[in-house]
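Student: Take a look at the letters that make up each chain.
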Amino acid sequence: MSEIKADIAIAGGGMVGATLALALAQGGLDVAVADPLTRAQMEDERFDGRVVALAFATVRMLKTLGVWERLAPNAQAIDDIIVNETELGRGPFPFSIHFDHREIGEPLGHIVENRYIRQALLACMESEKRIRFLPGTAASDLAVGESRAVLTLSDGTRIEAPLVIAAEGRDSPLREAQGIQTAGWSYGQSGIVVTVAHERPHNGVAWEQFLATGPFAILPMTGNRASLVWTETDREARRIMALPDVPFTEELRKRFGQHLGDVRPVSQRWSYPLKLHLARSYVKPRFALAGDAAHTIHPLAGQGLNLGLKDVAALAETVLDAARLGLDYGRVDVLQRYERWRRFDSFTLAVVTDGLNRLFSNDFLPLRLVRDVGMAVVDQIPPLRRLFMRHAGGELGTLPRLLKGLPA
Amino acid sequence: MTEPTSVDAVEVEKFSRLAAEWWDPKGKFWPLHAFNPVRLGFIRDFAAEHFGRDSQVLKPFEGLSLLDIGCGGGLLSEPMARMGFTVLGADPSEKNVKTASAHSADSGLPLTYRALTAEGLVDEGAKFDLVLNMEVVEHVADLGAFLQACTKLLKPGGIMLVATLNRTLKSLALAKVGAEYVLRWLPAGTHDWNKFVKPDELERLLEEAGLTVRRVQGVSFDPLRWDWRLSSDTDVNYMVVAEKLSP
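Going down the list, the sequences are from chains R and S.
In this text, residue positions in the first sequence follow this note's numbering: the first is 1, and each later residue adds one.
In this text, residue positions in the second sequence follow this note's numbering: the first is 409, and each later residue adds one.
To be clear, the hints were calculated from the coordinates, so they are not data collected in a lab.
Quick reminder that beta carbons are idealized off the backbone N, C-alpha and C, glycines included.
Do not rely on the hints blindly, as some may be mistaken.
To be verified - Chain S stretches covered by chain R per the calculated footprint, using a threshold of three residues with CB under 8 Å from any CB of chain R:
| hint | region |
| --- | --- |
| 1 | 446-452 |
| 2 | 484-492 |
| 3 | 534-548 |
Pulled out of the complex, with its shape left as it was, chain R reads as follows (with noise of 0.2 Å):
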């Protein structure tokens, strides 16, 4: 047990939670990160099998803080994407997106598996001499004062500061203890994770298969590999799950189509039920959510991270310009203008992915007419098409200087 001061408390040293660290530590202040995960268990590839699709503007933000050097061999560009529509066993429809990069003049963006972000985070953490990490012990209990707050730990230990942002995940405990209601729902559907290898290579093309039980995503990897993202009905995804090697196998070329020539699962399966909720508010004085603790959302279009990694940049600006002001930045009228500047775009890209999904997820023929048009449409007009890519990149919106490959 013991009593340390610092600039900012932290409570989750995942990937947004450590990111944050490393913005706000390159910018002086002085940050404790605490995590309830050994080290052992967050650098354990059971541990989490999923991969991140990194938007571009993502990538000159890890680049900026260092981190990109130390992930660079383990990621794979994806240089186009093609959205189609199929059905069960038939392959494609004709209609199909087809976003090509060269477009845009940069990669679409970069897949790279989670565990290999959560090693380079955790050795740029390591290295930076003004954090102070302490895995193993989860926040307990937050006291939030006139001039600072208490973060109390696991362990006993307490960390003064004026500021404690939670960056737990999902159900993020401080959330909870702080009184932040949240609003959302449950999709009734899991995503399937695993890895797959295939005989022909995938030239970085990275495919979104809308079938009517919801989206299946093709996601490159380096290699002749690819992280497969399938969403069934909670029912089906469990029984999927359950199935011996041989027909889980099955079930997976029917989806998996031809193209890359023979498939075969290399990973363990993980399977992960989908919701949306947004916090009611970000922020309470000395205290703001960012990623996952302030919004979860389907991960259809991969903007999972890429958003709380928006959180990130906005909320490392926010305080770093208020702390070269003088200003104390734990206070709401400071961390209000981070929740200003980041609940719209959670909102809208929250409702945007939700309704694509209530969109594909059916299987009613007008609706399938409407949508296949849409697509046509969309691929034939290159301005609108360079919109989605550009959006799915991050680009839009008032950008924080981190997202521009600019320190913070």
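Assemble the complex: chain R is given as a structure, and chain S must be docked to it using the hints.
Tutor: Chain S in isolation, oriented as in the chain R frame:
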């Protein structure tokens, strides 16, 4: 002198409550909090350039001293101390000094508050690198004498910042009638428009006191962004920076 502890406790409680009022972002001093970032940014950037400091680090002004005249609840003194200045907050009101002290009591900042006037400090022979006169001159009876006293408090090469309200029809409409009576940002009677000072009058008085005017900067409220920004319009709120050249 030893006071009974209970009396101290009552005093502390009273001034802590007043401090909470001064510092409440939604309380009656909210217009000052909304105004603070833009003027802090201006002071920081001007001072960083003048003293050759890097405005992007967190404590650019370590080793420099600052006097905040008419410090009120300490809304400027505290940020200035966080930016590294060794700060003396001075206010003729004992109540304000106790209030500001209560707020920064455990902060560990290089900051002291004293109940005295500029003239009182001159008698002590105190000298500072930077003197802030923010929203003070419009409340002063003999402005010329006041600015001469403030000039004596500057070290050679030091700078004085004066922020105040212009005496124009626009300021009568916006700062007096608009802010006090229509929007009710300020308590009615806060300002006497007849005491507002025109920039050329202020510049002349500063030069007469022996200073060299370096910058006249307007500050405007942007109703679309609902925020303050620096502007070339000095008709309502403006700031003047003047330097005491080395003899």
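Student: Check each numbered hint from earlier against the structure, then list the numbers of those it violates in ascending order.
Tutor: 3
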